[in-house]
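Chemist: Spelled out from the first residue to the last, the chains are:
Protein chains: 4
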Amino acid sequence: MGNMGAGIAANLIKAGHEVTVYNRSRPKVDALVAAGARPADTVADACGGDVVLTMLANDDAVAGVAFGDGGIIASAAPGTVHISSSTISVGLSKRLTEAHATAGRGFVSAPVFGRPEAAAAAALFVVAAGPADTVNSVTPVFDAIGQRTFVVSEEPAAANLVKLSGNFLIGSVIESLGEAMALVDRGGVDKHQYLDILTSTLFSAPVYRTYGSLIASEQFEPAGFAAPLGHKDIGLVLAAAEELRVPLPIASLLRDRFLRLLAEGGEQLDWSAISSLAARDAGASDHSA
Amino acid sequence: MGNMGAGIAANLIKAGHEVTVYNRSRPKVDALVAAGARPADTVADACGGDVVLTMLANDDAVAGVAFGDGGIIASAAPGTVHISSSTISVGLSKRLTEAHATAGRGFVSAPVFGRPEAAAAAALFVVAAGPADTVNSVTPVFDAIGQRTFVVSEEPAAANLVKLSGNFLIGSVIESLGEAMALVDRGGVDKHQYLDILTSTLFSAPVYRTYGSLIASEQFEPAGFAAPLGHKDIGLVLAAAEELRVPLPIASLLRDRFLRLLAEGGEQLDWSAISSLAARDAGASDHSA
Amino acid sequence: MGNMGAGIAANLIKAGHEVTVYNRSRPKVDALVAAGARPADTVADACGGDVVLTMLANDDAVAGVAFGDGGIIASAAPGTVHISSSTISVGLSKRLTEAHATAGRGFVSAPVFGRPEAAAAAALFVVAAGPADTVNSVTPVFDAIGQRTFVVSEEPAAANLVKLSGNFLIGSVIESLGEAMALVDRGGVDKHQYLDILTSTLFSAPVYRTYGSLIASEQFEPAGFAAPLGHKDIGLVLAAAEELRVPLPIASLLRDRFLRLLAEGGEQLDWSAISSLAARDAGASDHSA
Amino acid sequence: MGNMGAGIAANLIKAGHEVTVYNRSRPKVDALVAAGARPADTVADACGGDVVLTMLANDDAVAGVAFGDGGIIASAAPGTVHISSSTISVGLSKRLTEAHATAGRGFVSAPVFGRPEAAAAAALFVVAAGPADTVNSVTPVFDAIGQRTFVVSEEPAAANLVKLSGNFLIGSVIESLGEAMALVDRGGVDKHQYLDILTSTLFSAPVYRTYGSLIASEQFEPAGFAAPLGHKDIGLVLAAAEELRVPLPIASLLRDRFLRLLAEGGEQLDWSAISSLAARDAGASDHSA
Numbered sequence: 001m002g003n004m005g006a007g008i009a010a011n012l013i014k015a016g017h018e019v020t021v022y023n024r025s026r027p028k029v030d031a032l033v034a035a036g037a038r039p040a041d042t043v044a045d046a047c048g049g050d051v052v053l054t055m056l057a058n059d060d061a062v063a064g065v066a067f068g069d070g071g072i073i074a075s076a077a078p079g080t081v082h083i084s085s086s087t088i089s090v091g092l093s094k095r096l097t098e099a100h101a102t103a104g105r106g107f108v109s110a111p112v113f114g115r116p117e118a119a120a121a122a123a124l125f126v127v128a129a130g131p132a133d134t135v136n137s138v139t140p141v142f143d144a145i146g147q148r149t150f151v152v153s154e155e156p157a158a159a160n161l162v163k164l165s166g167n168f169l170i171g172s173v174i175e176s177l178g179e180a181m182a183l184v185d186r187g188g189v190d191k192h193q194y195l196d197i198l199t200s201t202l203f204s205a206p207v208y209r210t211y212g213s214l215i216a217s218e219q220f221e222p223a224g225f226a227a228p229l230g231h232k233d234i235g236l237v238l239a240a241a242e243e244l245r246v247p248l249p250i251a252s253l254l255r256d257r258f259l260r261l262l263a264e265g266g267e268q269l270d271w272s273a274i275s276s277l278a279a280r281d282a283g284a285s286d287h288s289a
Numbered sequence: 001m002g003n004m005g006a007g008i009a010a011n012l013i014k015a016g017h018e019v020t021v022y023n024r025s026r027p028k029v030d031a032l033v034a035a036g037a038r039p040a041d042t043v044a045d046a047c048g049g050d051v052v053l054t055m056l057a058n059d060d061a062v063a064g065v066a067f068g069d070g071g072i073i074a075s076a077a078p079g080t081v082h083i084s085s086s087t088i089s090v091g092l093s094k095r096l097t098e099a100h101a102t103a104g105r106g107f108v109s110a111p112v113f114g115r116p117e118a119a120a121a122a123a124l125f126v127v128a129a130g131p132a133d134t135v136n137s138v139t140p141v142f143d144a145i146g147q148r149t150f151v152v153s154e155e156p157a158a159a160n161l162v163k164l165s166g167n168f169l170i171g172s173v174i175e176s177l178g179e180a181m182a183l184v185d186r187g188g189v190d191k192h193q194y195l196d197i198l199t200s201t202l203f204s205a206p207v208y209r210t211y212g213s214l215i216a217s218e219q220f221e222p223a224g225f226a227a228p229l230g231h232k233d234i235g236l237v238l239a240a241a242e243e244l245r246v247p248l249p250i251a252s253l254l255r256d257r258f259l260r261l262l263a264e265g266g267e268q269l270d271w272s273a274i275s276s277l278a279a280r281d282a283g284a285s286d287h288s289a
Numbered sequence: 001m002g003n004m005g006a007g008i009a010a011n012l013i014k015a016g017h018e019v020t021v022y023n024r025s026r027p028k029v030d031a032l033v034a035a036g037a038r039p040a041d042t043v044a045d046a047c048g049g050d051v052v053l054t055m056l057a058n059d060d061a062v063a064g065v066a067f068g069d070g071g072i073i074a075s076a077a078p079g080t081v082h083i084s085s086s087t088i089s090v091g092l093s094k095r096l097t098e099a100h101a102t103a104g105r106g107f108v109s110a111p112v113f114g115r116p117e118a119a120a121a122a123a124l125f126v127v128a129a130g131p132a133d134t135v136n137s138v139t140p141v142f143d144a145i146g147q148r149t150f151v152v153s154e155e156p157a158a159a160n161l162v163k164l165s166g167n168f169l170i171g172s173v174i175e176s177l178g179e180a181m182a183l184v185d186r187g188g189v190d191k192h193q194y195l196d197i198l199t200s201t202l203f204s205a206p207v208y209r210t211y212g213s214l215i216a217s218e219q220f221e222p223a224g225f226a227a228p229l230g231h232k233d234i235g236l237v238l239a240a241a242e243e244l245r246v247p248l249p250i251a252s253l254l255r256d257r258f259l260r261l262l263a264e265g266g267e268q269l270d271w272s273a274i275s276s277l278a279a280r281d282a283g284a285s286d287h288s289a
Numbered sequence: 001m002g003n004m005g006a007g008i009a010a011n012l013i014k015a016g017h018e019v020t021v022y023n024r025s026r027p028k029v030d031a032l033v034a035a036g037a038r039p040a041d042t043v044a045d046a047c048g049g050d051v052v053l054t055m056l057a058n059d060d061a062v063a064g065v066a067f068g069d070g071g072i073i074a075s076a077a078p079g080t081v082h083i084s085s086s087t088i089s090v091g092l093s094k095r096l097t098e099a100h101a102t103a104g105r106g107f108v109s110a111p112v113f114g115r116p117e118a119a120a121a122a123a124l125f126v127v128a129a130g131p132a133d134t135v136n137s138v139t140p141v142f143d144a145i146g147q148r149t150f151v152v153s154e155e156p157a158a159a160n161l162v163k164l165s166g167n168f169l170i171g172s173v174i175e176s177l178g179e180a181m182a183l184v185d186r187g188g189v190d191k192h193q194y195l196d197i198l199t200s201t202l203f204s205a206p207v208y209r210t211y212g213s214l215i216a217s218e219q220f221e222p223a224g225f226a227a228p229l230g231h232k233d234i235g236l237v238l239a240a241a242e243e244l245r246v247p248l249p250i251a252s253l254l255r256d257r258f259l260r261l262l263a264e265g266g267e268q269l270d271w272s273a274i275s276s277l278a279a280r281d282a283g284a285s286d287h288s289a
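Chains as they are written, first to last, in UniProt numbering: chain A, 1 to 289; chain B, 1 to 289; chain C, 1 to 289; chain D, 1 to 289.
Think of the hints as simulated: they come from the structure by calculation, not from any bench.
Keep in mind that this is a model prediction, so the values were computed, not measured.
There's no promise every hint is true.
Put simply, identical chains are the same to the list, so a pair is met inside one copy or across any two.
[Said to hold, decoys possible] In silico lysine to aspartate or glutamate, DMTMM-like type, Cα no more than 20 angstroms apart, as pairs:
hint: 1; residue 1: Lys191; residue 2: Glu154
hint: 2; residue 1: Lys232; residue 2: Glu243
hint: 3; residue 1: Lys94; residue 2: Asp185
hint: 4; residue 1: Lys191; residue 2: Glu218
Work out the full structure, taking the sequences as your base and the hints as a guide.
Modeler: Next comes the structure, spelled out in structure tokens:
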């Protein structure tokens with residue numbers, strides 16, 4: 001339970017739900033317990049309610065709590081609904097769908113858009129997918145944690161595809177801004193003023209403001225979302241696209257950018273640091289190293 | 001004088017400037033004359049004021065009125081300032097800069113961001129570049145036609161680079177949205193709902209709303225900005241980048257997309273139709289043809 | 001045991017080795033038995049010699065005979081050397097290396113370059129990797145089946161990397177020839193004559209003659225090496241490159257080409273059919289469909 | 001008249017033709033005069049024969065001797081045939097075709113494949129295009145300088161397209177070898193041995209031997225064919241492809257590679273140095289700098 005999970009749990013408590021919380025390390029749990037949550041010592045111990053919601057770092061972490069003895073699928077009662085809100089692969093989402101169906105549990109995939117502040121403010125956007133009845137049954141959960149819920153499909157994995165594709169689009173903005181700024185910088189234009197022009201006009205969206213500012217400042221540390229995570233997510237997008245046989249040339253380019261950044265030792269940088277490669281290729285000296 | 005020029009001229013008249021208008025065909029001129037403008041029969045006849053503003057379709061049109069006997073450079077009085085607001089190449093902007101300097105005229109490059117409605121509402125964003133004194137001397141013109149002016153450089157061509165790079169960024173949005181929508185469509189997600197998710201969250205900018213809607217609907221006719229114009233502008237971006245030695249992999253991809261669209265007969269389609277290629281490559285039948 | 005394995009086994013018999021052969025279906029075995037081989041009814045039954053050589057279609061097939069009860073690793077005697085000549089992933093090669101080491105068996109990775117005719121003629125090129133002693137101990141096997149052996153590393157997986165990279169280079173030739181032929185065809189040049197010029201000059205290599213002829217003729221059926229196999233091998237190259245953090249932009253392009261070909265229904269075509277996409281993008285009507 | 005032209009002229013003399021030679025600087029001319037050539041003081045003075053053959057560095061040089069007062073077109077007698085053997089753009093070839101037609105001179109485009117040694121040995125490959133009668137009338141010239149002539153079209157520019165596309169294919173080999181070597185190098189394989197494997201098998205062509213050796217050795221100086229020339233030729237290929245509306249993704253990649261190499265200061269390196277970028281992106285330290 002990271003910052004995202006803590007915010008979500010707090011809002012569920014506020015909304016009057018009985019909440020049991022489990023985290024591998026205890027400190028994060030304590031604050032929630034103070035707010036009214038019941039602490040669980042094991043995953044199985046956290047599976048007694050009507051709904052089990054997971055918000056974890058990656059596929060391995062989710063698979064680790066879902067499968068096996070003492071995992072969610074084995075421990076939850078028939079009729080329990082598992083809501084998976086982590087950014088996981090389409091493949092794992094399908095495995096979870098099958099395993100829950102076999103075990104007679106409900107499963108809804110519900111990744112969210114929003115940062116920890118939005119989670120804390122119950123202002124997330126929830127992208128949910130699963131059988132209509134099951135999704136309907138957990139609507140109060142989504143209402144408690146987000147400002148709006150989009151139900152996109154009866155197939156849980158579709159929600160994961162939407163979430164991953166969103167990260168692909170953010171990566172595309174980073175790369176295209178990196179290229180555009182490398183160009184105008186070479187042409188003698190101030191990058192911050194350039195960004196101001198963009199975000200005052202057609203590009204007045206948070207994604208341009210947030211990443212544009214990092215790119216113009218070449219401010220890639222500390223990482224808000226580290227390069228290896230961006231690399232991983234683009235890999236998950238490409239894996240999903242491979243399965244569906246959808247060529248994604250910009251995603252292929254992004255993958256190559258991340259490989260290069262990591263090969264050069266950029267593990268600790270923010271994923272927006274791939275923008276520095278366009279600048280470097282234009283002969284700019286490397287300010288980030 | 002197209003829709004952009006007509007709006008600009010009307011606002012200059014409203015602001016109290018004496019305006020002389022010239023257009024190859026007369027009807028557009030008549031409405032402005034009714035509003036108080038003086039009609040000119042030749043380019044030279046339109047060069048008698050302190051400022052000559054050109055707003056034309058492309059390099060050839062601008063070069064056609066600027067150079068040669070009876071052109072702006074030959075006809076304007078010493079001290080006259082030529083404001084070029086067309087989307088032209090960096091190369092032509094440099095040629096104009098030199099020619100005006102040699103002839104003792106002022107030159108400011110001032111392309112604008114905004115559609116015809118913004119031009120009519122005096123709500124354009126003006127990106128201006130030129131010697132500080134010259135730019136300052138024509139500020140009242142910018143104030144009359146736009147909501148905000150960004151002065152980006154003392155080199156006029158820098159403003160053209162900014163404008164062209166903006167069109168490159170729009171093209172990048174079109175391509176990346178085309179790829180993302182091809183992907184989620186294959187995954188069973190409704191494209192309009194997908195766009196709603198995007199524009200409700202990180203991508204809440206006009207460029208996503210406008211182009212996303214065209215892409216989701218596969219509505220590429222009638223063209224708001226035709227594919228050959230998009231192709232031309234990406235070519236100008238690449239030419240400017242070539243000169244500055246800036247590799248732009250996404251621009252290269254866009255160029256290949258436009259070539260393919262045109263090779264397939266897409267001349268009359270909106271430039272956002274390059275998005276249909278990603279869908280087609282994923283095996284979607286071609287709804288646009 | 002496909003055509004490759006049959007040729008290899010026949011040459012081992014000719015060279016005087018005692019050969020036991022195993023194949024899932026019997027007919028291929030019979031001809032070799034007639035030539036002096038001993039037939040085996042199970043994989044385990046084929047593991048009694050000093051050397052076990054596998055030549056199978058893909059990772060799954062090799063893993064299927066190597067691991068598990070009755071598999072090579074469990075069945076072979078200590079000191080037996082397993083030679084893997086299939087085109088498998090770097091990852092599987094590493095798994096085999098570890099498993100054999102743990103079990104006290106020797107392991108040499110030795111993929112080959114050459115078609116079935118070369119296998120039949122003992123004219124293969126063997127790319128071998130493994131501990132020097134182990135490789136030396138099986139040199140007589142390589143001498144019996146190939147015209148030349150290249151020992152590239154003490155790490156078995158390095159041989160697989162070389163083999164896979166060779167398929168990447170062939171794919172690059174197919175794509176670049178496809179683009180070049182699309183171009184000269186549009187320029188009114190006969191593609192067969194063009195190929196004649198290329199192969200008479202700098203490009204006088206089998207890869208250009210073989211694939212150039214297929215591409216110029218748009219002759220993609222029957223498949224010599226089917227598109228899904230090309231797709232798979234490029235995927236293995238990219239996976240190996242991912243592990244080593246090596247961006248390979250042409251491999252990324254090839255992957256997208258294969259995805260598109262398969263999305264369009266090209267499963268049964270030769271992998272050189274990706275060349276038709278460049279022609280199609282140039283507006284050529286599709287002669288292959 | 002560089003090394004190519006000198007070899008060609010010497011072979012024309014040997015074959016018994018009367019040869020007049022013109023070069024901007026005199027020394028190269030002297031050796032040919034000693035062999036029997038007549039020296040010319042001006043371009044016009046070299047236009048008195050039945051055939052005028054030009055072998056120059058680039059478009060500007062060819063345009064400089066062809067057009068204008070005292071140029072070939074103005075100076076040659078009606079019926080004279082101009083053979084252009086330089087590597088020039090498709091666009092210039094078309095301009096020459098028109099200008100000669102207007103002036104009543106014959107024009108054959110006949111670029112050659114081969115290095116200076118092949119020129120000296122009368123072993124060039126000639127790719128000729130032009131009206132059949134005109135090409136036939138100059139066959140003895142081609143027989144004197146080359147080992148084989150390919151007549152590819154009645155349109156002169158088609159021969160230039162073939163020549164340029166050949167340089168594109170060489171560039172593709174350089175890039176793909178660069179990527180493959182970066183990969184196997186990271187996997188612990190010796191690059192020279194790797195090249196030996198390639199050229200012993202499917203890739204046994206001069207282009208792989210020549211460039212593979214430079215790439216494996218990272219030996220990019222002195223330049224056999226300098227990076228700016230490679231950059232220029234890929235630009236000419238893309239310009240020709242633009243005109244014909246043929247997307248060439250590998251050529252786009254090559255263009256970006258050259259821009260990067262030049263932006264980093266690689267002007268004096270051989271064009272095969274673009275291969276070092278793949279190695280660098282994989283984290284290799286830069287041995288060439």
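Chemist: For every hint, state whether the structure bears it out.
Modeler: Each hint tested on the structure:
{"no.": "1", "hint": "Lys191 with Glu154", "verdict": "between (45 angstroms within a copy, 15 angstroms between copies)"}
{"no.": "2", "hint": "Lys232 with Glu243", "verdict": "both (17 angstroms within a copy, 12 angstroms between copies)"}
{"no.": "3", "hint": "Lys94 with Asp185", "verdict": "between (45 angstroms within a copy, 17 angstroms between copies)"}
{"no.": "4", "hint": "Lys191 with Glu218", "verdict": "within (10 angstroms within a copy, 35 angstroms between copies)"}
The structure agrees with every numbered hint stated previously.
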